[in-house]
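K.L.:
What follows is the residue order along each chain.
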Amino acid sequence: MLRFVVRRLVQVVPTLLILSVLLFAWLRSLPGGPAGALLGDKATPEGIAALNRTLGLDQPIPIQYLRYLGRALSGDFGASLISGDPVLAEIGRALPATIELSVTALLIAVLAGIPLGYLAARYRGRPWDNVTILGTLVGVAVPVFFLGYVLKQIFAVELNLFPPSGRLAVDLDATRVTGFAILDGLLTREFDASADAIAHLVLPAIALATIPLAVIVRITRASVLDVLDSDFVRTANAKGLAPGTVRGRHVLRNALLPVSTTIGLQTGLLLAGAVLTEKVFNWGGLGTLIAEGIERRDYPRLQAIVLLGALIYVIVNLLVDLSYALIDPRVRLR
Amino acid sequence: MTPAGARSGDGPLLDVRDLSVRFTRRGEPDTVAVDGISFDIEPGEVVGLVGESGCGKSVTSLAIMGLLPGRGPKVGGEVRFGGDDLLALSDSALRERRGRDLGMVFQDPLSSLNPVVPVGVQITEALTRHRGMDKKAARTEAITLLERVGIPDPARRVTSYPHQMSGGMRQRALIAIALACRPRLLIADEPTTALDVTIQAQILELLRELVAETGTALMMITHDLGVVAGLCDRVNVLYAGRIVERAERHRLFATPRHPYTHGLIGSIPRLDSDPELELPAIPGSVNDNLPWDTACAFAPRCPREIGRCTEVTPGVETAASRLLRCHNPVPATSA
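As you go down the protein sequences, you meet chains A and G in turn. Per my numbering, residue 1 is the first one in the first sequence, and the count goes up by one each step. Per my numbering, residue 1 is the first one in the second sequence, and the count goes up by one each step.
If you are wondering where the hints come from, they were derived from the structure by calculation, not from laboratory data. In this text, all values refer to a predicted model and were calculated from it rather than measured experimentally. Among the hints, a few may not be true.
[What the hints assert, rightly or not] Lysine to aspartate or glutamate pairs mimicking DMTMM-like chemistry, simulated, CA-CA at most 25 Å apart:
1) G/Lys135 with G/Asp85
2) G/Lys135 with G/Glu190
3) G/Lys135 with A/Asp229
4) G/Lys74 with A/Asp129
5) G/Lys136 with G/Asp108
6) A/Lys279 with A/Asp129
7) G/Lys74 with A/Asp231
8) G/Lys74 with A/Asp229
9) A/Lys279 with A/Asp328
10) A/Lys279 with A/Glu292
11) A/Lys42 with A/Asp226
12) A/Lys152 with A/Asp328
13) G/Lys136 with G/Asp91
14) G/Lys74 with A/Asp328
15) G/Lys135 with G/Glu147
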């Protein structure tokens, strides 16, 4: 098991290396460049060339890459071209916000998705099942940013139930400890700050949760239907077990195996969705950094964030594989 | 034939009356899987239900257990067991009896065991449910049960998962599960089909021993008359959802009256038969069947078919504990 973990972690290295090459080439193939974006209207060909020399962007791309790689390996991912701060410091400030949002969205998707999918399978073909299937179709089809605006318009603007944007009310003087707003409120006993943070979290988390929720519902439904038809569930019923035992020990435990894989794959989409959601709700996390970075061609910032996203993705899927081994004794980690 | 463990009470243990199962599908004619069959099983008796694939024998067993898929099949008739009509019981009342009074062993031991739950737990869950044991007592009993069905090193095997066992061991475990609560009736649905021939013989021997030892009645479902020959007291031969012949085992093998039974027995390889000769087989397949409503379903495949067979449904004749449904039976002396 330890060998499995170590080997999987070692595999991360080539993954990130290949990704960094692709990313580097891709960013530099975009039309325009940081110099043009930084100088804006005042840009002259001479000014751009001068700035490019300063930033080292006049060098051939392979040279630029090797220099970047050399610095990155020693932990220096460069400074943001927009703010001038080291990108790692920027990420450190923004990451808690994104984690708070993504984890909440994933929790909503899992905690609501598995029961909904199970119920749809149990009442297969009945109205409840049809409503659920229709709902998941809509959930997958509606773009996140559109849903975000609709939620905001209805629940924040019209009904005034939740704040429309941001992570904390502007007039609230909350102490920052970890950067996780809810946790900070609890740590400093500023419970009003925690409550306010939760209120701010509701709408963006729901918007971000819809797609993974819909996917988890559908996978759970299909998986439960599959297991309900299996011979060992018939054996469990032949033993006369209570319906709850059959459901929990025999149906769900087996049906959740494919669902756990799905959850791992969804984390990638979640990071992508977070960019859009954060934009709509002015969330100020990694998504905001990315959006701003793409507009202004902030190469160092984008490179660091995308590599970080890949690292998170790989680690989450490693955790999923480990959990798989816990629930399925047939899986041997080698 | 009166076993020690049989409980008192008049009449048969299981009395199936006019059981029918039809599968309905919108836009298609109903499929009649079981077409009004009646048979009974005495306490401690071993009764065979024999027929080829698709004759309705498995559906019969699932209907008795109440394990047919929830929606779709329409079940008619009566299944009387211990004074109740099982078909009329509520789901929860039926769950009380399943596992406790009725045990079932299935065909494919690998897929019939839960892959992610240790075998021991799959036994103890029945014990804690029906025999009110606590976890510790149930575990001890599970080890005893595994030992009794001949699994070596049972104390270690209780924690094994199905994939860590051999096919024969899995079937033994499945039998241990079915017998855990000492049911009065055990239904075995082709329990040896998925196993190697040598293991098949061991499993049959085990079932024979356990039935004799516990006094449990056994309903043996098989397509293999060889299985029946060594095990059953009485045999019901099914064809296309109806019983075409029933007799006490020795009589059935000595004087099969229905041409279908006759053909089945003729197609069993014998040690003294000439290896150069081709084994006789029943021609055609179940797809050639005629509807029972207007004919004998077996007529198109029958060597003794006479004109009436394709025009009139053969009636049931019962005499001296035998049952026969045929217009032109094999003469009692010819076998």
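K.L.:
Hint by hint, which ones does the structure fall short of?
P.N.:
Hints 1, 2, 3, 5, 6, 9, 11, 12, 13 and 14 are the ones this structure does not satisfy, whereas the remaining hints hold.
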